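*Asks:* So the protein sequences, as listed, match chains A and B. Take the first sequence: its position 160, counted from the start at 1, is 160 in our numbering, and no numbers get skipped. Take the second sequence: its position 74, counted from the start at 1, is 74 in our numbering, and no numbers get skipped.
If you are wondering where the hints come from, they were derived from the structure by calculation, not from laboratory data. Since this is a predicted model, take the numbers as computed values, not measurements. Among the clues, some could well be false.
To be verified - Which stretches of chain B does chain A cover? Using the computed rule of at least three CB atoms under 8 Å from a CB of chain A, they are:
# : stretch
1 : 18–25
2 : 37–49
3 : 86–95
4 : 127–133
Where is the CB? At the ideal position from N, CA and C, for every residue including glycine.
Number of protein chains: 2
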Amino acid sequence: MTGREQIVEFRPIGVIRTPFTEVSGMPIQPAGAEGVKGRIEMLPEFVEGLRDLDGFSHITLLYHLHRAKEARLTVVPFMDTVPRGVFATRAPRRPNAIGLSTVKLVSIEGGVISIENIDVLDGTPLLDIKPYFPEFDERTDVRLGWLEDAKGRARRTRSDDRFDEEE
Amino acid sequence: MTGREQIVEFRPIGVIRTPFTEVSGMPIQPAGAEGVKGRIEMLPEFVEGLRDLDGFSHITLLYHLHRAKEARLTVVPFMDTVPRGVFATRAPRRPNAIGLSTVKLVSIEGGVISIENIDVLDGTPLLDIKPYFPEFDERTDVRLGWLEDAKGRARRTRSDDRFDEEE
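Bound-form chain A, shown alone (with noise of 0.2 Å):
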């Protein structure tokens, strides 16, 4: 199998909102929108899913960068001046364009499940929501490549227009 024909369909269970209209001035992590509120609206048939979530204080959220441009292999990423392979960062322009964010989860109510410290913009297609649990996701004795210069920056730094989401 090469991976060359296939195509992956998937539809989005839910949808973001959050007071990010435009990618400008965004938080590029969620480690940098500490107390940004939002909230997630489940489409109705899948709010089954979502039995005993409320037990988790953060959850991890796989959604579509819906109005990333087309994909770069090379970017030049928010938190450096240099060209970097697409894989070694976060930028949005991927070949996949799929975005992944650990949030604070803080209540459900129905089909709307509120949530804190959320870094995308408003009217993202949500595909799946994962419980965050340290065991599986969390790795010690990491290297950091060159984004070791970049640790407690990310807290800091905002989008600019590098990856222009807009049409």
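Use these hints to put chain B onto chain A, whose structure you have.
*Replies:* Just chain B now, kept in the frame of chain A:
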């Protein structure tokens, strides 16, 4: 926007090779796959995007759970005996069958990435690679919901035929 009308299409950027040719007996998470070696075979047209990735010790893979059966909104997870909402679990039978694993990066030679601690089926279509960056991905003060009791058990738990990913 309701999200209802949209279909999001992705194309694999490569394939994940592992020793696991069937679901039964597989580790259920990278934590239980310590030392398991695998590799990623990138499609040639995406190799450019790997530049600078070799500086990172860990990478997060997003992939298509291509052998998962049709979605269920309520599941009994491997680490439990009680039915749970699918979004409160990592079970593969999800509305959008996207898997998420953070693995150890061993080396990159051309379009082949050697990895360790990999917990997916051989032949799994890869959708995205992101560098693992604790500042983005780790959270403190977490509550683990139903998984609180399962802490420490993820390492030992193996899959059975519960989700029977075989066709």
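*Asks:* Of all the hints numbered above, which does this structure not satisfy? Sort the numbers upward.
*Replies:* 1
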